[in-house]
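If you read the protein sequences in the order shown, they are chains A and B.
Residues 1 to 112 (my numbering) make up the first sequence, in order.
Residues 1 to 116 (my numbering) make up the second sequence, in order.
Read the hints as simulated data drawn from the structure, not as lab findings.
Don't take every hint at face value.
Stated by the list, open to error - Derived lysine-lysine pairs resembling DSS-like cross-links, with alpha carbons at most 27 angstroms apart:
1. Lys-20/B / Lys-66/B
2. Lys-104/A / Lys-64/B
3. Lys-42/A / Lys-104/B
4. Lys-104/A / Lys-56/A
5. Lys-104/A / Lys-104/B
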Amino acid sequence: QKEVEQNSGPLSVPEGAIASLNCTYSDRGSQSFFWYRQYSGKSPELIMFIYSNGDKEDGRFTAQLNKASQYVSLLIRDSQPSDSATYLCAVNESPGNTPLVFGKGTRLSVIA
Amino acid sequence: GAVVSQHPSWVICKSGTSVKIECRSLDFQATTMFWYRQFPKQSLMLMATSNEGSKATYEQGVEKDKFLINHASLTLSTLTVTSAHPEDSSFYICSARASGTNEKLFFGSGTQLSVL
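Extracted from the complex, chain B is given alone in its bound form (with noise of 0.2 angstroms):
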């Protein structure tokens, strides 16, 4: 299956600082990549849509000034948490599709994020 890295893994900072993830397509080019956070055994929520070249697509009740986007090149998406609180601690997993995968995500690693 085609691969994404994630990176940072797991981040620990302190609140008020910002925290950026970067999502790369290892061996494949995504024009569209999905943020993700999940809570503790909650479910995986969809943040936004990232789309290459252009402005993401956010979900209801994202903030996008918190959480800015970027999806600069076709490999490559960056997620920057601003100013960082502690109710913003949680695990935020990237996926991506392959073109001719028929429709198929493959995820990222996840970064867990503590905010202290």
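One chain only, chain A, in its complex shape (with noise of 0.2 angstroms):
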């Protein structure tokens, strides 16, 4: 069976520090990566997205994709309360119209 694992949290971090997450899925031939912020009695908000192997980053968060090693990671620098929400991973298995199948999430803490 198909499968996006996270550690479930929740995670914590002082104020300003590298919040670190972590995600492995199982389908190899994977396409394509995402990394979906929610809070609380909220949706889920798009904040990375990331095809190729490396690194990408916009503002303080950063994606890694390692498909050898089937691991998708984000780093959330100088975290703030405000990013204290569920992170769910996300992987898009094939082409098309197919849906998202999604990690459990991790929930992280930032502590001020």
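Two chains, each in its own frame: build the complex with the hints.
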């Protein structure tokens, strides 16, 4: 069964530190990878996407993809209390209009 | 990013009544929309894939006669929870892909359903 695995957390980091969120996936043929942020009681919001091996930076966020090891990670630099949320990793395993496969999410708590 | 509008944001209804939730893609056409359900502190659960002009594809364990999906146009999909019961109380979220966005999925704001 195709799966996306994340540590449920909570992951607690002090304000200003780097938060590192990890995700592994089972389907080696997966094409594209996404990170969503979900605040409590709200719907998920797309914050990063990555398609190629390596790093992709956007502001304080860096997504890292290693297809050989089948993992994708999200780094949040200079973490802020407003970053406290659940972060969902999602994988598109095949092209076209197939649903993304979501992990269960990692809860991040940034302590002021 | 593409905008997906979902209404209502919350609804309270009596047991046995039906509730309709609308999902619109505002600035793009969506041939496919996805409906999710999320219980408190749990992960997203895909309910069904809604295809414009054809029948929806339901995930295993989701009752198609209870959760009616209609995707009559390229910008609108509706989910009707029929004969709602308290156990149907949940956060329902729709999502859609905009073509040419490399398969990015955009979510509506969600509907919190409470069945009394």
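Comparing the hints with the structure gives:
Taking the CA atoms of Lys-20/B and Lys-66/B, the gap is about 12 angstroms. The hint holds against a cut of 27 angstroms. Among the hinted pairs, Lys-104/A with Lys-64/B is consistent with the structure: their alpha-carbon atoms are about 25 angstroms apart, no more than 27 angstroms. For a cut-off of 27 angstroms, the pair hint linking Lys-42/A to Lys-104/B stands: about 19 angstroms separates their Cα positions. Straight-line distance between C-alpha atoms of Lys-104/A and Lys-56/A comes to about 23 angstroms, which keeps the hinted pair within the 27 angstroms bound.
Between Lys-104/A and Lys-104/B the CA atoms are separated by roughly 19 angstroms; this keeps the pair inside 27 angstroms, and the hint holds.
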